[in-house]
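So you can see what is in the structure, the chains are spelled out below.
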Amino acid sequence: MANATAGNAIGGLGPSAASVMHHYQQQLRTRRIYTLIAIAIFLVALWASLDFANAANSGKFFERLPYMFDFIRNFVPDSPMEIVRAMFDLPSPYDDGSLKYDYTSERVYVTENFYIPHFIYQLIITVNIALIATILGSAIAFVLCFFASTNLVGAGATRWVVRRIMEVMRAFPEIVIAGLLTAILSIGPIAAIIAITVHTIGALGKLFFEVVENADMRPDEGLRAAGASWVERVRFAIVPQVLPNFVSYALLRAEINIRASTIIGAVGGGGIGEVFRLAIGRDHAAKTYAIVILLFVTVIAVDQFSAWLRRRLIGNQSFEFGRGAA
Amino acid sequence: MSPTTLNTAERERLLSAYPEVFRRSFWQRWGLAIGVGVTLVYLAVCFVAFNVGPAFVNGRWDRATVYVQDWYSWRAQPRLRFVDGAVQPQWSSRRQYPEGADIAWLRPLADGGYSVIYDGAENRLDVRPARVDVYVDGVAYPVEISSDAAILPEGAPGALVQDGSKVNVDFGFEGSAEIRTSQVFVQRRFLGWANFFFDINSPFWGKSFSELAWLAVSGERVDPARSNIAAMVDDFLANGTWQHADILSKLMQTLVMAFVGTLLGTLVALPLAFVAARNITQSRIANWGMKRLFDFLRSIDMLIWALFFTRGFGPGPIPGIAAIFFTDTGALGKVYAEALENVDDKQREGVKSVGASPVIVNRFGVLPQVLPVFVSQSLYFWESNMRSATIIGAVGAGGIGLKLLEAMGTNADWDKVAYMVLLILLVVFVFDGISNALRSRLIGRTHH
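Protein sequence lines correspond, in order, to chains A and B. In terms of full-length UniProt numbering, the first sequence has 279 at position 279, counting the first letter as 1, and numbering is strictly consecutive. In terms of full-length UniProt numbering, the second sequence has 104 at position 104, counting the first letter as 1, and numbering is strictly consecutive.
None of these hints come from the bench; they were simulated from the model. It is possible that some hints are incorrect.
EDC-like, lysine to aspartate or glutamate: derived pairs with alpha carbons at most 16 Å apart [claimed, not checked]: (1) B:K334 <-> A:E221; (2) B:K207 <-> B:D235; (3) B:K207 <-> B:E220; (4) B:K291 <-> A:D303; (5) B:K166 <-> B:D133; (6) B:K334 <-> B:D295.
Here are the computed distance ranges between Cβ atoms for each label pair [unchecked claim]: (7) B:A238 <-> A:Y34: 36 to 46 Å; (8) A:E221 <-> B:L442: 31 to 41 Å; (9) A:Q27 <-> B:L442: 16 to 26 Å; (10) A:R235 <-> B:S93: 55 to 65 Å; (11) B:V83 <-> A:I187: 33 to 43 Å; (12) B:P271 <-> A:A48: 19 to 29 Å; (13) A:R164 <-> B:A245: 26 to 36 Å; (14) B:A245 <-> A:A48: 15 to 25 Å.
In this text the structure is predicted, and so the values were computed from the model without any measurement. Think of the CB as a built atom: it goes at the ideal place given N, C-alpha and C, for glycine as much as any other residue.
Using the sequences provided together with the hints, build the complete structure.
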């Protein structure tokens, strides 16, 4: 559109204005060509990637697509009530002794006749893994972040080392930590807790020190003038400023960690993830849907709760760019 | 510190001028302490409930040392069998030396035995059919082997331990040996990764870097059909011990999962976000419906999508792409819609006032404002999806995650795990760098 109007107008311009216009149009053309080249490269990369993915997959996309729909169509529980029974460990009328309809055997009895349903118990484990990891991770990241920020420790070796440690912790694959610890400590939630904690330290540490670097340094100068030590300056000048943002980031991290602990569970960390993998792998539709609903409700509840808590604690002072750095 | 005194009037004035400093509410005063206390109690309860103490006490820490050493070193594990009055080395399936190789630390003795050298000639085993001489710091301790037991000599140092009918010798990092009645099981450990470049079937095995460089540049062709460089590349990729070709292809699958998943998510979320944004689409029902759709896609865990599509499409990158695509469409859609709702209206009005159609208004009035934010968010998601793709690969979507899980499952391939971790770290750092560079060019701000 811009091109067309410019083209019409060029006749009525004086020589200097026409040369400016001409120059502008040339630049516009170059830019368009670059854009087109970029799009072409993107499309080629996308096409090549899709082709590679299709070739590497054990089933080809278009061959498997009908099976996908068949799978969805056949993967229905005997009755909607079965989902509820699976969720709350109630005996099933379809019970034929197979594992598929065995909802009751894994009840976790707290007292003689009060029990926690198996899936809910596993869900509690998963949520607690995420919570512990978030608490430990934020605590350690809180201590580390002050040593990584330019405005508090200068550009020394400490800062460099702490930042590299955080980077490695952030990028290190969680399953490897979980796998190594599982081999040593045997199967259990501890491996998952430590794996998620390590990643949390790396991810939160980075966000934390960025907040610290953006802090207002005038209170720090005031304390320094009054002869405060480094620890006192951090405690009274920096921490009060950054704490609301830290809390906000830690809450966002808690949401992410719930998902992470589900996934780690599926690769051997225990909790609801593992139960889910088994259920869908064995074609137990009712159990699968029960877990999907439980997880769905949990994620939404945690999202809402953390949003509410964030609003209460820090008002409108939340910010956006931290969300992406998951 | 000079003592400061205040008279009553001054104190009252200070108190009334700054009441919030001197009279803080209960929660302001004790909130932090109570919060920390509750957290500590919670952690203590979980510590007990998850049996953390016993798990650490019962942990197999001796194995932990071996596993961690396996990350950066390798073990040669020959069994020296006593057969018909002679000693015969027998190698495990993961052998590191070809048939008849000249091994510097395993030398045949003149009388049919073998000498296993650990740390110089001072620390070695001389293995003969009925007797093993263990040299520790130059002192020989003869272990006599009868038909039913190997017997520890008197006055042996702590490195030699009698364990039932066998004698264990421990040389620390250098390795160990189990002297049994029928064989000596030797473990010899070296720094580095064995046969990382070429396996024992390759003609380039055991050559030094300078020899290889010479061969590559000007040497005689090892295989007349190919140049030496081509042969080296082929042999490297076909390395049976390290499976470079397989690992690199699996890494590529993980990369593709993250790239295609994020890209498709971005392409689909972009138009949908325009529908979800209240200020752009003037239909409350469409806004609400689209936002709930985003919430739905986002709230179903990536794990669920991944396992679901793995059941449908079989293991491989397609379920990984689909899982990332579905979750990211929801997450990106939400972020995009929020960005769109915060755009400056003046530019839209300007474009609208010259009579442009709605598509043109959005293209020239809205998109230039939000595109940098959109691209920057997508790049963040791309980075984080590199990690997600590794993990969902492990639950069945394939890629390097599954390969990692397989390697860890054997408990013997920790060197390969270390190799893959290094590759992943490298890729993550490179991609972080690329996306940081792109982002800072787009929004003119550097994060690091």
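Do the hints match the structure? See the list:
For the hint linking K334 (chain B) to E221 (chain A), the alpha-carbon distance of about 41 Å lies beyond 16 Å, and the restraint is violated. Between K207 (chain B) and D235 (chain B), the direct Cα distance comes to roughly 13 Å. Compliance with the 16 Å bound is thereby established for this hinted pair. For a cut-off of 16 Å, the pair hint linking K207 (chain B) to E220 (chain B) stands: about 15 Å separates their Cα positions. At most 16 Å may separate the alpha-carbon atoms for a hinted pair to count; K291 (chain B) and D303 (chain A) meet this at roughly 15 Å.
Among the hinted pairs, K166 (chain B) with D133 (chain B) is consistent with the structure: their alpha-carbon atoms are about 14 Å apart, no more than 16 Å. In summary, the hint linking K334 (chain B) to D295 (chain B) is supported, as the alpha carbons are separated by about 8 Å, within the 16 Å threshold. Checked against the given bound of 36 to 46 Å, the beta carbons of A238 (chain B) and Y34 (chain A), roughly 41 Å apart, stay inside it. For the pair E221 (chain A) and L442 (chain B), the beta carbons lie near 34 Å from each other, so the given range of 31 to 41 Å is met.
Checked against the hint of 16 to 26 Å, the C-beta distance between Q27 (chain A) and L442 (chain B) comes to roughly 19 Å, which is consistent with it. Between R235 (chain A) and S93 (chain B), the C-beta spacing of about 60 Å keeps the proposed range 55 to 65 Å intact. Remark: the range hint 33 to 43 Å for V83 (chain B) to I187 (chain A) is upheld by a beta-carbon distance near 42 Å. Between P271 (chain B) and A48 (chain A) the beta carbon distance is about 25 Å. The supplied range of 19 to 29 Å therefore holds.
With their beta carbons about 31 Å apart, R164 (chain A) and A245 (chain B) fall inside the hinted range of 26 to 36 Å. A hinted range of 15 to 25 Å holds for the C-beta pair A245 (chain B) and A48 (chain A), which are about 18 Å apart.
Taken one by one, the earlier hints fail for this structure only at number 1.
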